[in-house]
Amino acid sequence: MAEPLLAIEDLRTYFYTAAGVARAVDGLSLAVAPGETVGVVGESGCGKSVSALSILRLVSPPGRIEPGSRILFEGRDLLALDERAMRAIRGRRIAMVFQEPMTALNPVFTVGDQVAEVARIHARASRAVAWKQAVAMLDRVGIPAPDERAREYPHQLSGGMRQRVMIAMALMMKPALLIADEPTTALDVTIQAQILELLAELQREYGMSVLLITHDLGVVAETASRVVVMYGGEAVEQAPVAALFAAPHHPYTRGLLAAMPRLGLLRERLQTIPGTVPAPTAWPDGCRFRDRCSSAWERCAAEHPPVYPIAPGHESRCHLAHEPARRDGPAAAGGRAVRA
Amino acid sequence: MSAPARPAPLLQVRDLRKHFTRTRGVVRREHEVVRAVDGVSFDVMPGETLGLVGESGCGKTTTGRAILRLVEPTSGSVHFDGRDLLALRGGDLRRMRRRMQIVFQDPFSSLNPRMTVGAIVREGLTIHRLAEGEAADRRVRQLLEEVGLRPEYAGRYPHEFSGGQRQRVGIARALSVEPSFIVCDEPVSALDVSVQAQVVNLLADLRRERQLAYLFIAHDLAVVEHIADRVAVMYLGHIVELARARDLYREPLMPYTRALLSAVPVPDPGAARERIILHGDVPSPAHPPSGCVFHPRCQHPAKDAACTQVVPPLEEKAPGHFAACIKVPAGA
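Protein sequences appear in the order of chains C and P. This note's numbering applies: residue 1 is where the first sequence begins, and numbers increase by one. This note's numbering applies: residue 1001 is where the second sequence begins, and numbers increase by one.
Hints are all accurate, no fakes.
A short, non-exhaustive set of chain P residues, derived as facing chain C with CB atoms under 7 Å:
no. : residue
1   : Glu1055
2   : Ser1162
3   : Asp1192
4   : Val1193
5   : Ser1194
6   : Gln1198
7   : Val1200
8   : Asn1201
9   : Val1223
10  : His1226
11  : Ala1263
12  : Val1264
13  : Pro1265
14  : Pro1267
15  : Pro1269
16  : Ile1277
Residues from chain P shown here face chain C by an in silico Cβ test under 7 Å; the list is partial:
no. : residue
17  : Ser1056
18  : Ala1197
19  : Ala1222
20  : Val1266
21  : Leu1278
22  : Asp1281
Please keep in mind that the hints were generated in silico from the structure rather than gathered at the bench. Note that beta-carbon positions come from the ideal geometry of N, C-alpha and C, so glycine has one too.
So that you can see chain P by itself, here it is in the shape it has in the complex (with noise of 0.2 Å):
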């Protein structure tokens, strides 16, 4: 995917795939397969942020924390700076974890309750070894400081705080091991609009003095186009579409990315609209479509037997805008 004039990519995910076995009946009991993520192939460069978006259940916090074999993939491939992760163990694994963090959705659930907010941000010193004493209460100090909280705060427990107080300590956490890539798992979505753009801000900024790459995994399409510099849209356990923000908001090739786009609620009452009203509900991933995943929900003129028998391929349509559609021409 890589021309040779380019730096080598930091993230390298191939073909990944997490399903998941599940038990239903208590009486006849039946196992089926539900392939959340179901091979997806993507780069992350080094200061990079890659937005993916899809609805509920289409696989993009999967795909995160499998990437960070915070659930282990079934199959594929993922090399963070070169290295095979998935063939790391133990104390390896432990080193490289160091560099790649993740900042999750709900502040409430994911901050220890009984541990301060200065305990919550040392931990990973202290795990990684990287200060001890008095340096990593200073090293606390200035993470809270970097974030947005004042130093003093160090003492108090996360419920003291307010949902965007509590997600600057989860990023503050994140950013104590110095990593240089952070899965952002829907990190504003639990956050009132006022106070989502005051972290937004600063994980922009984060971003620009560190250098740190980003997977922006978020449902709100708005919030990743200001943020992601590309875009991955999954569905049902694919990507469907991928290509720069700019190119993949102005110009979407997939008529799922299409319907996505145009069914988002515009703040503007006089705005002309054409919006594309998909019907139906998304199949379960336990039982996906044959063919294209999206056939049956879509209302591309062109859409013919072929959608429902071939698995259509992610392939580059335009200069690094990549479209998995055999209905949409080479050269779009």
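Okay, chain C solo, but in the shape it has when bound (with noise of 0.2 Å):
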């Protein structure tokens, strides 16, 4: 692989709460090459967002990015940054892209303003040519009428619409990675399918990398050339996506698979995962999804697996890697069945 444009290494984000202290993300490394889409899965609480945040340094107390946490990004230390380096980083080299544009635009301002504003604090445009611009982007993101959308506030759109004009700010400086948290969960298929379209374009164009935050397998299969799998704060597997479909290692990204209904694929009953995920102030020790593991055994409470090598590329923290003759249970079946 060349040489990652995002390395994170032993991400520990931890919350102090009065319920104790919240081990949201416990050990993330993962890595981003240049103009690569990298697919982040998992389910609520597994930490994916509270990754993304920890990347642009957005963790507010009592959430605390721990010492010893490394996010090198362009050959550079992220946490190292003096707060004005920081700056200069996010929008500009960095964007994110949220869940709800909802919340993540400003009630008050037209969408045309707010797309500029990223022009005129990151280039130092001037309010006539950062609105030229702005105006510009919001065409490219394919909002019609530009000239007249621009001038609208962020209420007076549609889902689908304010989705666009998230990305339009976030591209306005092209920057080298997109983080697109769940950019599609809160939209409609028929619009999720033309967002996607639409950041796989520009993502071509612009020759950018995206970290694609998500609980959607179907979304990852789609748009990700690597995935991610996420669970009690840690990578559990990575893989091209390819061989994660194809070939799964780990116990919990084979439930996933097997839990998840499939147009075309009729069976008399789901596949299901017992228990729910634990609570980040209280990981299991050993293995954190060995309380819901058919394959556990003794070693899995008293060793945290370490990552083990699976294949090129393909990694997983599972015991079952040294020892596979103990895989059992229905889970073993994987996400490969037939279809009808």
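With the hints in hand, could you dock these two chains into one complex?
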């Protein structure tokens, strides 16, 4: 792999709450190559959104990025930068699109003003130049009649149009990395298809890297070249997208794939993962998934699994890599069921 | 719609409409009518699951609520077990509601946070005088067990449970009065995949054990395919296609249904797909397009001026397969 654009090493982001220390992100390592789309998948509470906020250093108290964590971007450790240097990176080199554009946009400014503001702040553009650039960008992201739409307020736009505005804001400075946190979760499926297509197009055009955070394995399969599966604040499996879906290794990944209802795949019952995600204040010792795993044995309680290599570019935090004969249970059938 | 040999439908909905009047503007007040549900007809047979799918604002939730009269329909008729629901009042309506229940989408806001789970499940038993005292306690414990919760949980409050567990409480509450029909309004959309599968399986088991009929409202087409016997697709207040699940998913007739199915992301990176990307947004139900409501976004090659003028009736194009499109020939 080429020199990564972004390399997260042993990221720990903890929240010091009355209920105890919530170890939301607890030892995450991942890398994003230039021009690559990496999908981060996981269920609520796995730490995927907090990881995104950590990259931009937008975690606020009682949250804290723990000493020893490293986030290398274009060769520099973002966690070592002063706030001024960080501001120069946010929005200019790394931009972010959030799930809910209605809460991410300011309701009292027009969308044109908000997009133009990015150029005014980061490129010191004059009011007129920034406005022109904003309208051009709104046009580029597929907003019809951008001249008129730029003068409207967020509430006047549909959910899909608001997400396009968010993308326009994020891409104004042509960032090297776009972090998209559940960018289509609030949208209907036909609008989701439009937005995913737009993101893929813009990525090719600008040659940027994308870190796509989502709970939807279908979205990941269609957009990412590599996938990171998170559970319990860490990456439990990483693989090229084809390998992850064809030969998932970690029992959690297999369970997720098997639990998903799929179009055209008729089964009597859906497979389930028993139990629920543990609280981040109390990850189990050893493997954090072991309480819900049908293959777990003594070693899983005794020893936190390290990252095992499975194949080139494919790794899994599961002791089964060492002792494959112990795999059992219904999830062993994996995500590959026969199409009806 | 039903041939003489078939058993009588449990639920018969005909030309159901629900229009909301919205007032806009402060100085110059304008009233506009939002046609949330605009002439919907379907049957649900005893023990059958009818899936109702569509995007936000298509009227699927309002349809479910109008059937139960949680919102009063503007016009149309709803017959349940042969009785005209819209004519019922007071005690008669209450007695009928015992047989029709609803499970809501949001397990966080649909349970009273000040009531214990036991009290929530017990309330229906009391209101409908089905059990009291110790018999009611026993019944509550049984119901909790039946939905996969420990009976000791009866003394706990909703906030002590996860989303999936709360959804189980909502299901136990619906079952407590022994309904024969349940409107499931996006019952699993707020849940994570691993928990969603648990709840879908539970609903399927209960249906089999109790011969329940469901109106299963959801935007997730894969979940609906998994659980429904027949599926109705809604768009802008209309049912645009209705068929057996198998037929609808394999051979969708309506251009809208095709686009909707093709837009679902598939967790198979190698899959060859022909995606139809619809342009634009769903129009406002306050100003629905003339003729076929889907015509502005339709990519059917035969689309023409007639589509903008003729309101397409929901016609049986193939046995049991109904579609509202003048360009789809009968016998398709």
